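Asker: The lines below spell out each chain.
Protein chains: 2
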Amino acid sequence: MNPLNRLVVATIPFVPRSIVRRFSAPYIAGAELGDAVRAVGEMNREGACATLDVLGEYITKQEEAWAAARVYKEVLDAIVANRLDANISIKLTQMGLKLDLALCREVVAWLVGEARQHGVFVRIDMEDSTCTTDTITVFRAMKEEFDNVGIVVQSCLRRTLADVQALAALKTSFRLCKGIYVEPRPISWRDPEIIRSNYVLLLEEMFRAGCRVGIATHDARLVWSALALIHRMGVPPDGYEFQMLLGVDPELRRIILKEGHRLRVYVPFGRHWYAYSVRRLKENPEIAGYVLKGLLGRA
Amino acid sequence: MNPLNRLVVATIPFVPRSIVRRFSAPYIAGAELGDAVRAVGEMNREGACATLDVLGEYITKQEEAWAAARVYKEVLDAIVANRLDANISIKLTQMGLKLDLALCREVVAWLVGEARQHGVFVRIDMEDSTCTTDTITVFRAMKEEFDNVGIVVQSCLRRTLADVQALAALKTSFRLCKGIYVEPRPISWRDPEIIRSNYVLLLEEMFRAGCRVGIATHDARLVWSALALIHRMGVPPDGYEFQMLLGVDPELRRIILKEGHRLRVYVPFGRHWYAYSVRRLKENPEIAGYVLKGLLGRA
Chain A
563 MNPLNRLVVA
573 TIPFVPRSIV
583 RRFSAPYIAG
593 AELGDAVRAV
603 GEMNREGACA
613 TLDVLGEYIT
623 KQEEAWAAAR
633 VYKEVLDAIV
643 ANRLDANISI
653 KLTQMGLKLD
663 LALCREVVAW
673 LVGEARQHGV
683 FVRIDMEDST
693 CTTDTITVFR
703 AMKEEFDNVG
713 IVVQSCLRRT
723 LADVQALAAL
733 KTSFRLCKGI
743 YVEPRPISWR
753 DPEIIRSNYV
763 LLLEEMFRAG
773 CRVGIATHDA
783 RLVWSALALI
793 HRMGVPPDGY
803 EFQMLLGVDP
813 ELRRIILKEG
823 HRLRVYVPFG
833 RHWYAYSVRR
843 LKENPEIAGY
853 VLKGLLGRA
Chain B
563 MNPLNRLVVA
573 TIPFVPRSIV
583 RRFSAPYIAG
593 AELGDAVRAV
603 GEMNREGACA
613 TLDVLGEYIT
623 KQEEAWAAAR
633 VYKEVLDAIV
643 ANRLDANISI
653 KLTQMGLKLD
663 LALCREVVAW
673 LVGEARQHGV
683 FVRIDMEDST
693 CTTDTITVFR
703 AMKEEFDNVG
713 IVVQSCLRRT
723 LADVQALAAL
733 KTSFRLCKGI
743 YVEPRPISWR
753 DPEIIRSNYV
763 LLLEEMFRAG
773 CRVGIATHDA
783 RLVWSALALI
793 HRMGVPPDGY
803 EFQMLLGVDP
813 ELRRIILKEG
823 HRLRVYVPFG
833 RHWYAYSVRR
843 LKENPEIAGY
853 VLKGLLGRA
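For the record, the sequence lines run as chains A and B. Residues in the first sequence are numbered consecutively from 563, following my numbering. Residues in the second sequence are numbered consecutively from 563, following my numbering.
Please keep in mind that the hints were generated in silico from the structure rather than gathered at the bench. Some hints could be false.
As the list claims (entries may be wrong) - Partial list, computed: chain B residues near chain A (C-beta under 8 Å):
{"id": "1", "residue": "786"}
{"id": "2", "residue": "813"}
{"id": "3", "residue": "817"}
To be verified - Computed from the model, here is a short list of chain A residues facing chain B with C-beta under 10 Å:
{"id": "4", "residue": "584"}
{"id": "5", "residue": "723"}
{"id": "6", "residue": "748"}
{"id": "7", "residue": "749"}
{"id": "8", "residue": "751"}
{"id": "9", "residue": "766"}
Every value quoted in this text rests on a predicted model; they were computed, and no experiment measured them. Heads up, the beta-carbon is just placed ideally off N, CA and C, and yes, glycines get one too.
The shape of chain A in the complex, shown without the other chains (with noise of 0.2 Å):
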């Protein structure tokens, strides 16, 4: 990140909540479990499938973990009245994982056999490197007793070459993205090259071993990447999906829809817009506009 990002990225905490609300009203469906199903009824009539998320991260209290489980319980019923093509992802710090390992191995597992019945996939997010292992961890054990979860892993930090070998091993199902969170030099890759070439690695990887890939970019490079070594692998159809967050680069998710390639829209619904948010803010390069705008107090 150049020196001028980096000092707009620093301004956001000061940015108003209403502006960046604003600014993240496409990458959000809505505060209401009845927003995040029209817009997944949305993509699945455009020919995308999707994965539900209910935005929250980071709890304080245990009692907090159970009741994100039974809204996602209530988005399991949605997904099955409204007969959406669509899983769920799930973020574990929602769940207790930096509260209390055994609790949020319970809720999850409860969650995952609540989706198992009803016949929906659970992808379990990767969020910061403090989260890693733990996060590896509750899935391994979701993984033994169940068969619908699977995990993600960001080709920017230099574990994740050493997981990826590991859990290939078990026929993870992975989705595999570059990774939002800024990370320490020590344990990631900083340079945007590196972690490119890194991603068709690991995508390299995981196609070898047999797993089945969620391709999550919206980089054009990678997009190109990936369908070349799916085009030299012979990667079959069900071997991968592509996956795109929610208002980001539509005209490419039409692209690859047209060309006939499964993919999974992420679509964030609820109340906790802000954190997420925030990280789609600093993605953007139009960042310092929307920060300009707070600043100035053009809400």
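With the hints as your guide, set chain B onto chain A.
Answerer: Just chain B now, with coordinates in the frame of chain A:
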């Protein structure tokens, strides 16, 4: 190099020696052997091994060749006496390469023989392109007689792929670097991206031939590429080591060591610090500041 940097580089000869010396302090262990022993000891404690370089090159009198070899003999004694995990790097123009090839061979053969008795490996450095052919000739002669000797090749030179193919047949121990000397276009690549890609091609060639390689670079992209290649080709831990210069990116050094790779630090010392310092100065991004300080007389 952009035109501004070229201009700045052209002014380096006019920068006072005091400024050059101050700039180069982190890159040189000191003037005396004791300084070098201390620096190597520090590196060893950090988990890195080292290679010791007695600064000096392009001698103009024959007796200087034997004088240089005798200093290296003291270095060998110091390595053994202080139980340092270190070898030595020698420059052939410091041992008469440009004066008398037969003399140079004789001096180097004596030194490599001494090193062998001390159980120390000798790396023959590569200098500018007027030295390449003769350096390889001397290396080949040493390689016939001794097993404790290796050479350096540069990925910026167009001839290097052919050199590597020929030398790989002898199971040569290589150090691979990009090459710091500015060479004419007919014999060298200029585009940093080509020099990088050629580096990876050469490294793959060396690994495929089963040669041991010192991967000498501070370029994070090349470090990634080397790690990816080591992974893909299943190169064993004793088949390679990373190599870095004293004072350059200590954080990267610690990262590589922490991940369990062998890493060797190039530790130069001695009174002839000027030419080496100017090469470091030329490749430093903050060079303009130093040059400006020098020209404004703010020593």
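Asker: Would you mind marking each hint as holding or not holding in the structure?
Answerer: Each hint, compared with the structure:
Proximity of residue 786 (chain B) to chain A holds as hinted, the smallest CB-CB distance being about 5 Å (cut-off 8 Å). For residue 813 (chain B), the interface hint holds, the least distance from its beta-carbon to any beta-carbon of chain A being 6 Å, beneath 8 Å. With a cut of 8 Å, the hint placing residue 817 (chain B) at the interface with chain A holds, because the nearest CB-to-CB distance is about 5 Å. Hint status for residue 584 (chain A) relative to chain B: violated, with the closest Cβ pair at about 38 Å, above 10 Å.
For the restraint placing residue 723 (chain A) at the interface with chain B, the shortest Cβ-Cβ distance is roughly 6 Å, inside the 10 Å limit, so the hint holds. Hint status for residue 748 (chain A) relative to chain B: holds, with the closest Cβ pair at about 5 Å, below 10 Å. Proximity of residue 749 (chain A) to chain B holds as hinted, the smallest CB-CB distance being about 9 Å (cut-off 10 Å). The beta carbon of residue 751 (chain A) comes within 7 Å of a beta carbon in chain B, closer than 10 Å, and the hint placing it at the interface holds.
With a cut of 10 Å, the hint placing residue 766 (chain A) at the interface with chain B holds, because the nearest CB-to-CB distance is about 9 Å.
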